[in-house]
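A.B. asks: Residue numbers (my numbering), protein chains in the order written: chain A, 1 to 75; chain B, 1 to 375.
To be clear, the hints were calculated from the coordinates, so they are not data collected in a lab. Cβ atoms here follow ideal geometry from the backbone N, Cα and C, with glycine treated the same way. A few of these clues could be false.
Examples of chain A residues lying across from chain B (beta carbon under 7 angstroms, computed) [unchecked claim]:
1) A13
2) I18
3) K20
4) D46
5) W71
If you want a taste of the chain A side facing chain B, the calculated C-beta under 7 angstroms gives, among others [to be verified]:
6) C14
7) K22
8) A24
9) T39
10) G42
11) N45
12) A49
13) W50
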Amino acid sequence: MDAVKVLDAKGLACPMPIVKTKKAMDELESGQILEIHTTDKGALNDLPAWAKSSGHEVVKQEEENEVIKFWIKKA
Amino acid sequence: MTVQVMTSADVTKKIFNKEKLFILDVRNQSEYNDWKIEGENFTHLNVPYFELLDGVDGILDKLPSNQDILVVCAKEGSSAMVADMLSEAGLDISYLKGGMKAWSEHLEPVKVGDLKDGGQMYQFVRIGKGCLSYMVVSDGEAALIDATRMTDVFINFADSIGAKITHVLDTHLHADHISGGRQIAEKTGATYWLPPKDATEVTFAYEPLEDENDVTIGHTTINIHAFYSPGHTIGSTSFVVGEQFLLSGDILFINSIGRPDLAGKAEDWVSDLRETLYSRYKALSDELIVLPAHFMTIDELNDNGTVGKKLKTLFAQNHGLNIADEDEFRKMVTENLPPQPNAYQEIRQTNMGKMNPEEEKQREMEIGPNRCAVS
Numbered sequence: 001m002d003a004v005k006v007l008d009a010k011g012l013a014c015p016m017p018i019v020k021t022k023k024a025m026d027e028l029e030s031g032q033i034l035e036i037h038t039t040d041k042g043a044l045n046d047l048p049a050w051a052k053s054s055g056h057e058v059v060k061q062e063e064e065n066e067v068i069k070f071w072i073k074k075a
Numbered sequence: 001m002t003v004q005v006m007t008s009a010d011v012t013k014k015i016f017n018k019e020k021l022f023i024l025d026v027r028n029q030s031e032y033n034d035w036k037i038e039g040e041n042f043t044h045l046n047v048p049y050f051e052l053l054d055g056v057d058g059i060l061d062k063l064p065s066n067q068d069i070l071v072v073c074a075k076e077g078s079s080a081m082v083a084d085m086l087s088e089a090g091l092d093i094s095y096l097k098g099g100m101k102a103w104s105e106h107l108e109p110v111k112v113g114d115l116k117d118g119g120q121m122y123q124f125v126r127i128g129k130g131c132l133s134y135m136v137v138s139d140g141e142a143a144l145i146d147a148t149r150m151t152d153v154f155i156n157f158a159d160s161i162g163a164k165i166t167h168v169l170d171t172h173l174h175a176d177h178i179s180g181g182r183q184i185a186e187k188t189g190a191t192y193w194l195p196p197k198d199a200t201e202v203t204f205a206y207e208p209l210e211d212e213n214d215v216t217i218g219h220t221t222i223n224i225h226a227f228y229s230p231g232h233t234i235g236s237t238s239f240v241v242g243e244q245f246l247l248s249g250d251i252l253f254i255n256s257i258g259r260p261d262l263a264g265k266a267e268d269w270v271s272d273l274r275e276t277l278y279s280r281y282k283a284l285s286d287e288l289i290v291l292p293a294h295f296m297t298i299d300e301l302n303d304n305g306t307v308g309k310k311l312k313t314l315f316a317q318n319h320g321l322n323i324a325d326e327d328e329f330r331k332m333v334t335e336n337l338p339p340q341p342n343a344y345q346e347i348r349q350t351n352m353g354k355m356n357p358e359e360e361k362q363r364e365m366e367i368g369p370n371r372c373a374v375s
């Protein structure tokens, strides 16, 4: 997966992972992919819901040793 | 404008007093739909916090100007952020301390009544989840029934009224919440009682709670008379306390009856459930006040915040006790059941001592409403 940027949001509590994701996303071009690492379990539901409401696409999601990783393609 | 912090205890008071409150719930839609804070005069608006990151202007006209507004989220962080934004927009606003996580764990102790021979019956209302625990107190001794995992609340409450917890009992092996019974017994040196038929797989020592067992507390001998009442689980046991109260566990609730399927044996246990409700309970004094282990909806609360009604009232009004036809009864309790409680298998394993999850994991397992009734 070719992410143009990796956002490390590990250790941050809600709402910061999404606040930071949104900020990083604002700086990308349409079609580019942002990779996000978070340890906040709330992000499991919230990030995809946020992406949906903003029109972005979650292209991949995985969980590895408590770290949740998302790849989101900008609308 | 200032941001205030409201605690779960504050919100509970508003529910008991039937006050008005406007709740702006900023969790995502699926969590909100699954489970929210309910009060008779509470109104709700659900807008996820992640849709408010660019500002709150879009929702200002949906918020009332003449009543308290409480912002709620899962843990607190997002509601504090949204409350700050609304405050900057000129509103008086509060957020819920600790979010739904704290709400789920809040216990409100309320006195149900006095026992005839001296002594008191207290109910601990877990308002966010609908679980009810009980403390019977007599002469400085206390027995605890269906305690939840917030063990300090029970221990501190007993301390505050000068009582020593000597017996801890569970009516059955719970599937919707983690029992605090074993831990409290360990901490206080009390005896822990469990129905043996529900405890065949437990990994710890317990006293078998069997039909016709009497547990006595205090010098005035408050009898906790156990009787076998299978149906929700094979071991489910009810207690008659001081010949005044019927602690019905998950067998009989105020507006509904227990579901027999959480251990995967719905068909097998239907006739047990019917026998218990239609024969064993029928044989008891109908003046007993039924105190269940759960409530389902906020309208089951009495004016003083307790949950309980006379057995004769339930025989007259509870649909589950008034189904003459056995087939119809069987259908009702085995078909069209609500979804099973979150993580109920893991919760059962934990209550058997087979799993030992950390506190954070225990919280997660218990998230959401209880669903121990048939409808």
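A.B. asks: Could you work out which earlier hints the structure fails to respect and list their numbers in ascending sequence?
C.D. replies: 3, 5, 8, 9
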